[in-house]
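Undergrad: Chain residues, written in single-letter form:
Protein chains: 2
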Amino acid sequence: MPYNDLFLRAARLEPTERTPVWMMRQAGRYMPEYRAIREKHGFLDMCRNPELAVEITLQPVDLIGVDAAILFSDILVSFTGMGLDLEFAKGEGPVIHNPVRSTADVDKLIAADPYEATGYVMEAIKLLRRELANKVPLIGFAGAPFTLASYAIEGHGTRDYEYTKALMWGETAAWDRLLTKFADTTIAYLNAQIDAGAQVVQLFDSWIGYIAPRDYQRYILPYTTRVISEVKAHGDATVEGGVPLIHFPNGATSMLDLAMQAGGDVIGIDWRLDMRAAVNMIDARFGIQGNIDPVALFAPDDILESMVVEILEAVGTRPGHIFNLGHGIHKTSDPEKAKAMIQMVHHHSDRIRSRSAE
Amino acid sequence: MPYNDLFLRAARLEPTERTPVWMMRQAGRYMPEYRAIREKHGFLDMCRNPELAVEITLQPVDLIGVDAAILFSDILVSFTGMGLDLEFAKGEGPVIHNPVRSTADVDKLIAADPYEATGYVMEAIKLLRRELANKVPLIGFAGAPFTLASYAIEGHGTRDYEYTKALMWGETAAWDRLLTKFADTTIAYLNAQIDAGAQVVQLFDSWIGYIAPRDYQRYILPYTTRVISEVKAHGDATVEGGVPLIHFPNGATSMLDLAMQAGGDVIGIDWRLDMRAAVNMIDARFGIQGNIDPVALFAPDDILESMVVEILEAVGTRPGHIFNLGHGIHKTSDPEKAKAMIQMVHHHSDRIRSRSAE
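Chains L and S supply the protein sequences, listed in that same order. Numbering of the first sequence is given in the numbering used here, commencing with residue 1 and proceeding in unit increments. Numbering of the second sequence is given in the numbering used here, commencing with residue 359 and proceeding in unit increments.
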């Protein structure tokens with residue numbers, strides 16, 4: 001197989017002969033090959049073991065046929081290097097046993113050194129680049145300042161964000177120090193991933209959709225903007241042609257203008273936004289990543305296929321489209337269905353792009 | 359105190375001298391007076407006891423100073439009349455012990471008769487109208503077909519909707535029969551509430567924000583449209599001036615155009631949409647209800663006040679604004695803070711409307 005660089009070219013907004021596709025959480029629980037490893041290891045142990053992380057990262061590349069690999073890891077792995085006591089409790093998701101609730105808690109945290117705290121990530125990236133040399137590009141990733149801060153403050157996943165917003169509105173100076181520490185951590189972490197060989201990076205602002213636009217603009221945008229700007233500058237300075245950055249502000253339909261202001265080369269959109277609307281709302285200087293409903297993998301093939309085609313037709317030949325789910329793949333999804341979807345994207349995007357080239 | 363009909367006039371898009379305000383879940387757990395009753399009774403027992411429902415409904419009117427009362431009840435109370443085994447487990451929210459998972463399950467359900475299944479609701483409404491005669495208008499409410507169906511199918515609250523969407527896409531004929539049963543139930547239920555004396559009705563599509571616009575349009579919009587159209591027709595036929603309907607498609611920023619197509623007199627919006635954007639997106643023939651972040655009640659007074667003012671200034675003197683939270687009040691909110699917010703809305707809307715009248 002020749003090296004498949006479709007994803008990298010699309011992320012650079014170069015024309016591609018078909019649309020590249022990968023899936024958020026593609027290296028994960030829906031695959032029996034992943035579950036076989038998970039049965040024997042703790043989640044964080046898997047992240048911290050470069051050989052296991054490499055094996056898991058490669059599974060969907062080899063078995064599902066995606067056009068990009070994304071490092072198997074978690075947006076919270078830097079937490080331990082910041083002084084946060086992180087645990088992945090079985091079946092419960094992440095728990096932080098010493099959540100940040102006061103200005104004193106904020107001042108105890110330090111920006112994590114990416115090599116001391118997460119050297120295993122850089123090692124996994126280096127190993128992966130060797131393994132992937134004849135396959136597909138490698139994506140690195142990190143959490144955006146708000147998403148990281150809200151986990152650190154709440155101590156677990158939530159839909160409420162009472163502690164987070166109370167600190168944001170009530171202790172604005174401490175909020176600034178906290179978001180600065182997360183921004184510094186994420187900048188150093190993504191820059192180290194780039195130095196290790198990550199070819200594209202994705203910034204996950206997974207929980208930003210619970211924030212009102214006014215608050216995003218005042219309390220969050222400056223930090224996200226700085227992360228993107230400094231990581232882009234580092235990529236430009238160290239990598240020929242730069243390192244594309246995918247900015248995924250999940251659930252942020254009402255403030256895509258602000259998300260674009262924060263920056264990135266490609267804006268990731270969730271499935272709630274119709275792709276025809278997205279194409280109008282997102283400036284042509286950005287690529288678009290997305291956005292089929294992850295639950296579409298539970299639909300009959302003909303319905304799934306019609307959804308794939310609708311998205312591809314809406315994008316047409318606009319450069320910079322990276323097909324993806326609108327959020328992470330669900331753990332009960334059928335890998336065969338995922339594989340079928342990848343093939344549908346390949347088939348129909350090739351057809352649509354050939355047709356328009358006639 | 360003279361009868362305060364501000365809310366009713368705003369819901370009819372008539373000019374008002376200040377902006378009426380109420381809060382979703384205003385009769386609920388954040389109030390110690392509510393918790394005192396809850397300690398002694400099961401949740402469904404409270405809904406089914408008209409005297410208790412009346413007492414709880416009146417608490418925020420008397421103690422917090424809202425401009426409308428909303429019947430204390432739950433969108434799922436009709437379920438038992440449809441053949442669904444509903445329970446509110448302590449601290450867990452609603453559970454349906456016989457969830458709808460097959461076409462056979464769909465065909466077992468019946469549209470509920472509002473009097474047989476929920477006669478206690480009509481009794482509570484009649485009692486409330488007498489109690490409220492010298493106070494404020496009374497809001498009735500029901501769940502929209504999708505939100506009800508997704509509860510019935512999933513069996514509990516979720517963020518995934520795998521069973522719901524699998525049925526929607528995979529068993530479209532059964533989906534049609536199911537949504538028709540929920541639409542019929544909601545139409546009869548709201549019409550009965552109107553006959554009992556509800557002066558305004560709100561249709562909660564609480565979970566519609568998990569649906570892509572394409573699916574809303576194809577699989578849900580026809581049923582929601584029929585509910586709104588038939589309930590409006592009933593109000594027009596039986597009540598002088600008709601019965602205003604507030605349509606609340608929670609989280610539906612990306613498909614407000616479709617929500618407007620479904621109808622209603624007032625569109626409720628959640629806090630993710632900036633009110634300036636909402637005023638542009640929502641046709642002037644609709645009123646707007648919303649939309650401060652419910653967590654703003656955890657902000658310092660000056661920040662809370664600035665958020666209230668921003669929303670009121672964004673609306674200006676456009677008729678039909680009903681101030682509300684962008685979602686239900688959180689159970690750990692301070693009732694004094696809620697009361698302060700109500701007074702801020704009154705004070706500033708009076709100021710803004712007087713200023714523009716000069």
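If you are wondering where the hints come from, they were derived from the structure by calculation, not from laboratory data. Check each hint, because a few of them may be wrong.
[Said to hold, decoys possible] Here are a few chain S residues that face chain L, going by a calculated C-beta distance under 7 Å:
#	residue
1	Glu520
2	Ala524
3	Gly528
4	Ala531
5	Ser612
6	Trp629
7	Leu631
8	Asp632
9	Arg634
10	Ala636
11	Val653
12	Pro658
13	Ile661
14	Glu663
This one's a predicted model, so the numbers in the text were calculated from it and none came from an experiment. Yeah, the Cβ is synthetic: ideal placement off N, Cα and C, and Gly gets one too.
Undergrad: Return the numbers of the hints above that this structure violates; sort them in rising order.
TA: Of the numbered hints given earlier, those the structure breaks are 4, 9, 10, 14, listed in rising order.
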